[in-house]
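Engineer: Sequence:
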Amino acid sequence: MLRELKRLMLFRVIILSLLLGVSFVFQVSERKSLFIPLTPAFYYFIGLFYLVTLVYAVILKTVKAHRRFVLIQMLIDLLFITGLISFTGGIRSYFPLLYLFSIMAASLLFYKQGAFLFASLSSVCYGSLLLLQLYGWVRLPGQPTQHEPSQVFYSLIVYMAAFYITALLSGAVSEELRRKKRELSQREVDYQELETFNRNIIESLDSGLLTLDLEGRIRFLNRTAERIFQLNGETLRHRPIRELFPGIEEVLERIRTKPLDPLLAYERFETVHWTREGKKIHLGFSMTPLTNAQGTWIGYTLIFQDITRFKEMEEQMKRNDKMAAIGQLAAGMAHEIRNPLASLGGAIQMLQSELRLDGHHQRLMEIVLRESERLNALISDFLLFAQPPKTNKGWWSVGKIIDETIDLFTHSPHYHEGIQIVRQCSSNGIRARVDGDQIKQVLWNLLTNAAQEMAQGGELRIGLGVAESPPPAGRLPSAPPSENSSWFRISVSDTGRGISPSEREKIFEPFYTTKDQGTGLGLSIVHKIIENHGGTIRVESEAGKGSTFTLILPVE
Numbered sequence: 002m003l004r005e006l007k008r009l010m011l012f013r014v015i016i017l018s019l020l021l022g023v024s025f026v027f028q029v030s031e032r033k034s035l036f037i038p039l040t041p042a043f044y045y046f047i048g049l050f051y052l053v054t055l056v057y058a059v060i061l062k063t064v065k066a067h068r069r070f071v072l073i074q075m076l077i078d079l080l081f082i083t084g085l086i087s088f089t090g091g092i093r094s095y096f097p098l099l100y101l102f103s104i105m106a107a108s109l110l111f112y113k114q115g116a117f118l119f120a121s122l123s124s125v126c127y128g129s130l131l132l133l134q135l136y137g138w139v140r141l142p143g144q145p146t147q148h149e150p151s152q153v154f155y156s157l158i159v160y161m162a163a164f165y166i167t168a169l170l171s172g173a174v175s176e177e178l179r180r181k182k183r184e185l186s187q188r189e190v191d192y193q194e195l196e197t198f199n200r201n202i203i204e205s206l207d208s209g210l211l212t213l214d215l216e217g218r219i220r221f222l223n224r225t226a227e228r229i230f231q232l233n234g235e236t237l238r239h240r241p242i243r244e245l246f247p248g249i250e251e252v253l254e255r256i257r258t259k260p261l262d263p264l265l266a267y268e269r270f271e272t273v274h275w276t277r278e279g280k281k282i283h284l285g286f287s288m289t290p291l292t293n294a295q296g297t298w299i300g301y302t303l304i305f306q307d308i309t310r311f312k313e314m315e316e317q318m319k320r321n322d323k324m325a326a327i328g329q330l331a332a333g334m335a336h337e338i339r340n341p342l343a344s345l346g347g348a349i350q351m352l353q354s355e356l357r358l359d360g361h362h363q364r365l366m367e368i369v370l371r372e373s374e375r376l377n378a379l380i381s382d383f384l385l386f387a388q389p390p391k392t393n394k395g396w397w398s399v400g401k402i403i404d405e406t407i408d409l410f411t412h413s414p415h416y417h418e419g420i421q422i423v424r425q426c427s428s429n430g431i432r433a434r435v436d437g438d439q440i441k442q443v444l445w446n447l448l449t450n451a452a453q454e455m456a457q458g459g460e461l462r463i464g465l466g467v468a469e470s471p472p473p474a475g476r477l478p479s480a481p482p483s484e485n486s487s488w489f490r491i492s493v494s495d496t497g498r499g500i501s502p503s504e505r506e507k508i509f510e511p512f513y514t515t516k517d518q519g520t521g522l523g524l525s526i527v528h529k530i531i532e533n534h535g536g537t538i539r540v541e542s543e544a545g546k547g548s549t550f551t552l553i554l555p556v557e
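Each residue of the sequence shown is one higher than the one before, starting from 2 at the first, in the working numbering.
It is possible that part of the hints are untrue.
Stated by the list, open to error - FRET-style restraints, in silico, Cβ to Cβ: (1) N393 / E244: 26 to 36 Å; (2) D438 / S487: 21 to 31 Å; (3) G347 / E469: 26 to 36 Å; (4) K319 / R424: 36 to 46 Å; (5) L356 / E460: 44 to 54 Å; (6) A173 / S18: 28 to 38 Å; (7) L55 / L76: 17 to 27 Å; (8) E5 / L55: 13 to 23 Å; (9) A456 / I202: 48 to 58 Å; (10) H412 / S487: 30 to 40 Å; (11) L76 / E204: 32 to 42 Å; (12) K65 / S18: 28 to 38 Å; (13) K516 / S487: 28 to 38 Å; (14) K507 / E469: 27 to 37 Å.
Hints listed in this document are in silico derivations from the structure and should not be mistaken for laboratory results.
All C-beta atoms in this analysis are idealised placements derived from N, C-alpha and C, irrespective of residue type, glycine included.
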């Protein structure tokens, strides 16, 4: 209603300005106007109503009941028109036509009822003025004092007919406009509900959804897409899709050449995305052409999922199959190799103690002995990995396990004074049902690996605390852990060279090593033991800053 009120005030100012402008033109040209008396009273009357309109504009901000304020203004307009008619000749005035504007305005604001109400009020005002003029109760300057009753009633009937015909026509138009407006409002509501419904469906999808323009730039994405890429929508919008989906140009080109290929909707593609934190995400996706309501091709629709967990499960199954095969091989070969190797080592030691060898032969003997010991250590690790001893679980103090392993490590050849050990245990009282010896083996392997990464020295941090249930690999926990959590975590961090993303994928594979003297089984053993305890291991690393291995294990 406020908008209609402002329009009414503007329309009033326009009518007043037209009257004032026309009268000014006639006065300047010194031509006699047929319908506007160029008298001071006329100008005073116009000026007064300008002032009234200005007052309306000033108090508009303080008015709360806009509908009532409009009605009051329109009633005052009727009085103004009646006064203007009386000043411009009464029965001889042309200004009764202004009543028609009030009737049409009433029909637009108050529809058919308002139109007929103001037609009736206009008839009353105009009829009252004519009757007063007929009986001589109102005398106008320059007008005859007596009028023929027939002339008065003829003028009244003609204008009343015009008033009610205008009310009828404008009322019908306004009612039709109101009906159309209601239909339009209902359609807008239906459209908004449909849009909200569709948006809720899109946002609740467990798959990421992107729409692209013809150039391959992102136009729209849902919340799942933001969560998978770990970026907000504003950052991703308008970016080329090739930045997120490497190798997608081939798929786009295929759609461009065969946009109507029905197999596109069923064909799946895969790619790899690297997050800003350096995490690798495997994505499976499908693409189809996007058309508008007219069937015009306007872009592409891309639906994708994070299949990292499935890829990890696939790799885990391959690793398990590989380890099963290795275990079967180990059962038949390890002991057969180890027994003669032990005899060979013992024979070499006896020869070394009984024979007097020169320097060259002595060095050769030491090389044979050292390599036999290294081969024996490799077989021991191989047996531990392929056929680990049966898990013997008991209730252990995890903090005590860590302390004993650190003490053993600091007295081993792997430790040197350049390594600064920092113990960060927020929950020393954690007791868990684990195999203490195997957990010590895990910590020992992680500590020795960290020491090898920090040959020039650095900081080695060992942490212990409560944890929530282990999240999927490569993901952070969704909420902070509570003190009553049924899981605990152990972390080992170093400040070494770090692990590259390509190496991170292979570090738990058997016999994979980046060290000259490594067997490639240390981290495989760690992974095997943690897996047998029902836990998970997470690796975070940054080139040049070091690595962190986090073990998440059940308390019981």
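Engineer: For every hint, state whether the structure bears it out.
Structural biologist: Going down the list of hints, with the structure as the test:
1. Taking 26 to 36 Å as the suggested C-beta distance range, the pair N393 and E244 does not conform, at roughly 52 Å.
2. In this structure the supplied range 21 to 31 Å holds for D438 paired with S487, their Cβ-Cβ distance being about 23 Å.
3. For the pair G347 and E469, the beta carbons lie near 52 Å from each other, so the given range of 26 to 36 Å is not met.
4. Restraint check, K319 to R424: a C-beta distance of roughly 37 Å satisfies the suggested window 36 to 46 Å.
5. The beta-carbon spacing between L356 and E460, approximately 48 Å, falls within the hinted interval of 44 to 54 Å.
6. At about 30 Å, the beta-carbon gap between A173 and S18 stays in the expected band of 28 to 38 Å.
7. Between L55 and L76, the C-beta spacing of about 19 Å keeps the proposed range 17 to 27 Å intact.
8. Between E5 and L55 the Cβ separation comes to about 19 Å, which falls inside the hinted range of 13 to 23 Å.
9. Checked against the hint of 48 to 58 Å, the pair A456 and I202 passes, with Cβ atoms roughly 57 Å apart.
10. The given range of 30 to 40 Å is respected by H412 and S487, whose C-beta atoms sit roughly 35 Å from each other.
11. The beta-carbon spacing between L76 and E204, approximately 53 Å, falls outside the hinted interval of 32 to 42 Å.
12. Look at K65 against S18: about 30 Å separates their beta carbons, and that is inside 28 to 38 Å.
13. Taken as a hint, the range 28 to 38 Å holds for the pair K516 and S487, whose Cβ atoms sit roughly 37 Å apart.
14. For K507 and E469, the Cβ-Cβ distance of about 28 Å falls inside the hinted range of 27 to 37 Å, so the restraint holds.
Hint check: violations occur at hints 1, 3 and 11; the rest are consistent with the structure.
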